[in-house]
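K.L.:
As a plain string of letters, each chain reads:
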Amino acid sequence: MSALLGKAGRTAPAAAGATGAGAAGAPGGRLLPWGARRAPGRRRTGWRAFAFVLPAWAYVAAFYVYPLASNVRMGFQDYTVASFFTGSAPYVGLANYRAVWHDPQFTRTVVNTALFTAGSLLLQFAVGLGLAVFFRRSFPLGGVLRSLLLVPWLLPLVVSGTVWRWMFYNDSGVVNQALLHLHLIHQPVPWLVSTHMSLVAVTLVNIWVGIPFNMVILYGGLQAIPEQLYEAAAIDGANAWQRFTRITLPMLRPVSLVVLTLGLIYTVKAFDVIMTVSQGGPANSSQTLTTYAYQLSFQQLTFGRGAAVGNLLILLAVVFAALYLRAVRDQEGRAR
Amino acid sequence: MSGGGPAKGRKVVVTCAGVLIVAVMLFPLYWMVDASLLRTQDLVSPTPTWFPLHGTLAGYRSVLDSQGGHLLVSLGVSLGTVAVTLLIAAPAAYGMATLRSPGRRALLFSLLVAQMIPGIVMANALYVAADRLRLINSPVALVLADSTLCVPFATLILHSFLRGVPGELTEAAALDGASRLRTFWSVVLPVARNAVITAALFSFLFAWADFLFAVTLTTQDDRAPVTVGIYRFIGANLTDWNSVMATGVVASLPAALLLVLAQRYVAAGIGSGGLKD
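In order, the protein sequence lines correspond to chains W and Z. Letter by letter, the first sequence follows residues 3 to 338 of my numbering. Letter by letter, the second sequence follows residues 11 to 287 of my numbering.
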């Protein structure tokens, strides 16, 4: 069950990704053999069945292909607030891309995106793996505690972000109060006030949000490792650390690749957390490409430039999607 | 699992460690509930108030006053999203999984890739389209936009489930002279009940939690769902954390309910096969 929840949850996009990969990547229905068998009298069904999938095709065209194409086009247009009144936006070639490129904020935003993504991925994965290993052993209440850990990830991100924003307050925020109390710091850390700390704060929140997802998928991967391997290693005198590095890590590699690539796709487009915790500020210090695109389109009302940044994100998504599909294929290949 | 019978005491220690981990991870949620009950003077104090001993329900009263409308918008939009999603996803899953319609792999692949489109790109394009159709601030626009978060997931989950339904079942219906539409309605959907409920529950949750489409497609405050309600609430008054947190608690209730309900339905969906492990 946890595996499905893992696929179903917060990573809505990613989520179905994992499920779908299983289905789409399996020619002829490897998952369930009888579904693949074509019943004798059923050969004619083909095109008449099309009536049932037609709405879905129309939906894909209207709600994915069209927006995608429209965004790509807008990237080449001077689409501003005036365009909404006149109904026309002149084509300007690469002017939007040039404007973004020369925006002093752009470099900072790219660096922020890279740091935010790398930091989130690494720590989500590390903590998620630690928790998965911890919960692998059976102990009283283990199952209940494991399900409880999923709660943060089912909450609306706006709610979690808002709570964290309050927890990060300088003087009345509990994070600083706790750290001061434990004598880990001597004066309050200006989490959301300082341009040096805001990206760290936002990344920490995003790590917190992503840990359950990583834990659930990695836990599923751990369950698939045959117990005999550990028994054999124990007989050969391998200690716990050796068992972890020589068995667990290598056997988890395919699942880890899937988790990390899904995390990549999901982290780069993170929006809710940043907007509620820091709004990309102060002074754009926690702005990423996604919030930057939002700022260009919906705050500065330069939709063409917002679209241009959006198109950069599409390029990234294409690369990540290819990585993801490859990771899934590798995993299926091994599972076979 | 690790068999062998180590001392019972060791397991208790592990359970304690587990409780501690969960307590740390869930602390922000406790803090939200705590704050939603605290008086303003406790909220701004330099020492934390760990328990709401002198609690107040003022925050929850103000939720009803100021966020009631937003909650209703969220409810309506989420229910609408569930309807649209199932209307598209269920027939498609049936057509692909049971009737083996041509081009099904292309459709599955498109849906899989569709979810990787960055949300901000969708928001940018959908805003322009909604403006042209005069649908800004309309719940219809929000329902349609939110459904883009749900249709791929719902289709894929229903498809996996229906692949596990033995072909004999629908063939028997066909032999009895039932049309495809009838077979779909009276045989397939009842059999897939658990998967349908699971898809519906998660669609509801995705729509309920949506912030990006909500904040871009609604400019009028009384048309905004609760996620935007909270967001503008903090923007507007930075001191009334008690009410903000109470709103957060109320906005989290659907997720909490889902966790309780989905335990059963999601497990049932898996039990019927269709998904790997």
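Any given hint could turn out to be false.
[As the list claims (entries may be wrong)] Covered, in the sense of this in silico footprint (three residues per stretch, anywhere, with C-beta under 8 Å from a C-beta of chain W), are these stretches of chain Z: (1) 48-61; (2) 64-74; (3) 85-92; (4) 97-104; (5) 195-207.
[Claimed, not checked] To give an idea of the chain Z side of the interface with chain W (calculated C-beta under 8 Å), a few residues: (6) G19; (7) K21; (8) M42; (9) L81; (10) L82; (11) I240; (12) L271.
[To be verified] Quick list of the computed label-pair ranges, beta carbon to beta carbon: (13) Y68(W) <-> R20(Z): 57 to 63 Å; (14) R328(W) <-> Q230(Z): 41 to 47 Å; (15) R71(Z) <-> L251(W): 41 to 47 Å; (16) G177(Z) <-> D105(W): 37 to 43 Å; (17) L97(Z) <-> R328(W): 29 to 35 Å.
Derived by calculation from the structure, the hints in this document are not laboratory data. Owing to the predicted nature of the structure, the values given are computational and were not obtained by experimental measurement. For glycine and all other residues, C-beta sits at the position ideal for the given N, C-alpha and C.
K.L.:
Flag every earlier hint the structure violates by its number, smallest first.
P.N.:
2, 3, 5, 6, 9, 10, 12, 15 and 16
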